[in-house]
Amino acid sequence: MHAWIAKQQYLIDFTLSSLARRKAKNFGLLLVYTLIVFLLASVMLFTHALRHEAAHLLEGAPEVVLQRMVAGRHDLIPPGYLERLGRIRGVQHKEGRLWGYYYDPVVKANYTFMVPGKENIATGTLVVGAGLARARGLAVGNVISFRSYAGNLFPFSVARILPQDSELVSADLVLMSEGDFRRFFDIAPGYFTDIALSVANPLEVRNVATKLAQQFPDSRPILREEILRTYESIFNWREGIVLALASLAILAFAIFAWEKASGLSAEEKREIGILKAIGWETGDVIKMKFWEGALVSLAAFLIGYVAAYLHVFRFSSALFTPVLKGWAVLYPRFELTPVIDGFQVATLFFFTVFPYAAATLVPIWRAAITDPDSVMR
Amino acid sequence: MIFQSAIIALLLASLVCVGLLIGSAPYAVDIIRHWNINSGSEKQLLLERRTYLLSTLLGFVFATQLVALLLFVFNADKMSSMFVGAMCAVGTLNVNAFGFPALFAQIVVFFLAASWLVINHVDTRACDYPLVRIKYILLLALLPLLLVAAALQWRYFLGLKADVITSCCGSLFSEDAKGLSGDAAAAPLLPTMIAFYATLALAAGAGFFYRLRQRGAYFVALFSMLAFIVAMAGILSFVSLYIYEHPHHHCPFCVLKPEYDYQGYWLYLPLFIGTAAGLGVGAIQPFARIASLTSIVPAVARKLATLAGVMWLLFAAVASFMIVNSRLVLLAG
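Protein chains in written order, with the UniProt record's numbering: chain A, 1 to 377; chain B, 1 to 333.
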């Protein structure tokens, strides 16, 4: 075993010095390789962080939301509906929610108006999200007027601006009191936008939803796990599309690696010839070339991955946001929580090192079978 | 659901591997037909050189299969959130009829590939390469298997469809979807436990017996194969329960997760190495009488048998340690 390790050590030693002797050629390969790793790793880190963020956000969402449908469109929950829900076994808590959208022609953006369930907000005041405050230039104490859909102007004063760290969800949020909300949108007492139900036992959620669907044929229950699944598959799909497009780049890279590995210079050929003349076997040359590939791959993978990490989590992935994030007028500014996943690293490895290794196999062999006499003559 | 990074990676890997093997098949046929170690012709020289390429290539393909096997299981586990009722990898693999067959095919390919590599190793140690023909005939036999494994994987991934809400009409998938259970069939506890330890003892014993007496090589292979099956059954029926400390969670994959401190690797690594080594002992035994291999085969087999014996002991020890350390009590009194 010791002899084997020592042999590999000497091989690595030799390979490193041989790589150092041809800096320019190897540097070009390393650069392209690193770029490929960087590109793919950025996409993967970014989507994974987004997935993580979505799952994290939805942890606080109600397990089931019940919406009423009229002619296939979402409608208000009429009075008495909440009471008719009665006591469904497994439901811990139920509440009618009030929320809606408002288009502000000043900044050409949609706001989400909402009555908070727990917090009490004084009549005539608002709590606004940081993105909105930025867009309209609001500060605490300012007065802002909205024209309701009935045509009346409603002045509000800003009581508070929501903290920046919740901006991913609260950029366009406007919180107001129940009375203000009903007056502004002209919604009669007893009506609600939808109903939120919290269910403690995750195994019960589907039963509760089935019961709701039977009891209220005019409604649709939306489960948190379904929302989560949908987000997951959207992000996965986007990542997959980008990677599928990038596979062209990978193909180009594989061809490049093939060319680099097979285009041995006369000097390299002579080197291999000399090695074989002094007793190296074909297998040893293949091993040396294997270590060469492994070292280059490792360096490119590490540098590329670290660069991608910095790009995504330090520089907010400036290069890819338009494709992967989606867009909106009031786009939230947010910092992603750094998450690294072993599974992602393994997948990335398959996308980069695997094609490289596959592309260099045959050229390595071609180099290794070189006849000493034919190159030294 | 092809547009998933891990699925693309797996399909890419199986495509490249199948492509490499198919590409090398004509060379293999050429070697089978024209190999003649006593000839000094240019053709023979070329063939000898090609054997280097083919064995490097196969080593690469089989190493890839190993990593792909791991990725396949991980991916199945990751995707469990996309399907109603799937709690972990078992549920995802059950989504369509091709999940488990694909996994099994991959495991079989892995073990056969390992045996091939052992034969290859023995052959290259001998001065006259006595097994070249047999090696490449075996390689051609392996090719359809790899094709089947790749095809099963394609079918499995193509058949996956996530239960996702569409924006206009949220519908309740959960209502009519049949539950995908994470429960595997459980055997009666005490007989399973006895069979588990007895088979492990046989497998380890056969390994050490071969080390001492150089006899019973086929038994090492046979018992290793048997021990692999029984060990998987044991993990399913009770070892996993002790790890999860839950009397009904029979999943063989969740043990690999961080929630359980990656304990599964301590089980699966010895299990797979032990089985591969044990099978290798049997795989080279038919060639022990070939003149140039009379000393090489026993030496290699001895090392492998020792490795198998140690791995089976280690596996038994790890499993026992997990059972003893668990707070779950399945056998009272």
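Since the hints were derived computationally from the structure, they do not count as laboratory data. Mixed in with the good hints there might be a few duds.
To be verified - Within a straight-line C-alpha distance of at most 27 angstroms, the following computed BS3-like cross-link-like pairs (lysine-lysine) qualify:
id, chain 1, residue 1, chain 2, residue 2
1, B, Lys78, A, Lys287
2, B, Lys303, B, Lys161
3, A, Lys23, A, Lys269
4, A, Lys7, A, Lys211
5, B, Lys303, A, Lys7
6, B, Lys303, B, Lys78
7, A, Lys23, A, Lys211
8, A, Lys7, A, Lys94
9, A, Lys94, A, Lys108
10, B, Lys78, B, Lys161
11, A, Lys25, A, Lys211
12, A, Lys269, B, Lys78
13, A, Lys287, B, Lys161
14, B, Lys43, A, Lys211
15, A, Lys94, A, Lys118
Owing to the predicted nature of the structure, the values given are computational and were not obtained by experimental measurement.
Okay, the hints, checked on the actual structure:
With a C-alpha separation of about 36 angstroms, the suggested pairing of Lys78 of chain B with Lys287 of chain A is violated against the 27 angstroms cut-off. At most 27 angstroms may separate the alpha-carbon atoms for a hinted pair to count; Lys303 of chain B and Lys161 of chain B exceed this at roughly 47 angstroms. At roughly 17 angstroms between alpha-carbon atoms, Lys23 of chain A and Lys269 of chain A fall within 27 angstroms of each other, so this suggested pair holds. At most 27 angstroms may separate the alpha-carbon atoms for a hinted pair to count; Lys7 of chain A and Lys211 of chain A exceed this at roughly 70 angstroms.
This hinted pair checks out: Lys303 of chain B and Lys7 of chain A have alpha carbons roughly 20 angstroms apart, not beyond 27 angstroms. Note on Lys303 of chain B and Lys78 of chain B: the hinted pairing is violated, with a Cα-Cα distance of about 38 angstroms set against a maximum of 27 angstroms. Pair hint Lys23 of chain A plus Lys211 of chain A does not hold up; C-alpha atoms about 70 angstroms apart against a cutoff of 27 angstroms. For the proposed pair Lys7 of chain A and Lys94 of chain A, the alpha carbon gap of about 70 angstroms is over 27 angstroms, so the pair is violated.
The suggested pairing of Lys94 of chain A with Lys108 of chain A is violated, with an alpha-carbon distance near 35 angstroms, which exceeds 27 angstroms. Of the pairs offered as hints, the one joining Lys78 of chain B and Lys161 of chain B holds, with about 15 angstroms between alpha carbons and a cut-off of 27 angstroms not exceeded. For a cut-off of 27 angstroms, the pair hint linking Lys25 of chain A to Lys211 of chain A is broken: about 68 angstroms separates their Cα positions. For the hint linking Lys269 of chain A to Lys78 of chain B, the alpha-carbon distance of about 47 angstroms lies beyond 27 angstroms, and the restraint is violated.
With a C-alpha separation of about 44 angstroms, the suggested pairing of Lys287 of chain A with Lys161 of chain B is violated against the 27 angstroms cut-off. Of the pairs offered as hints, the one joining Lys43 of chain B and Lys211 of chain A is violated, with about 77 angstroms between alpha carbons and a cut-off of 27 angstroms exceeded. Under the criterion of a C-alpha separation no larger than 27 angstroms, the hint pairing Lys94 of chain A with Lys118 of chain A is consistent with the structure, at around 13 angstroms.
Comparing the model with each earlier hint shows violations of hints 1, 2, 4, 6, 7, 8, 9, 11, 12, 13 and 14; every other hint is respected.
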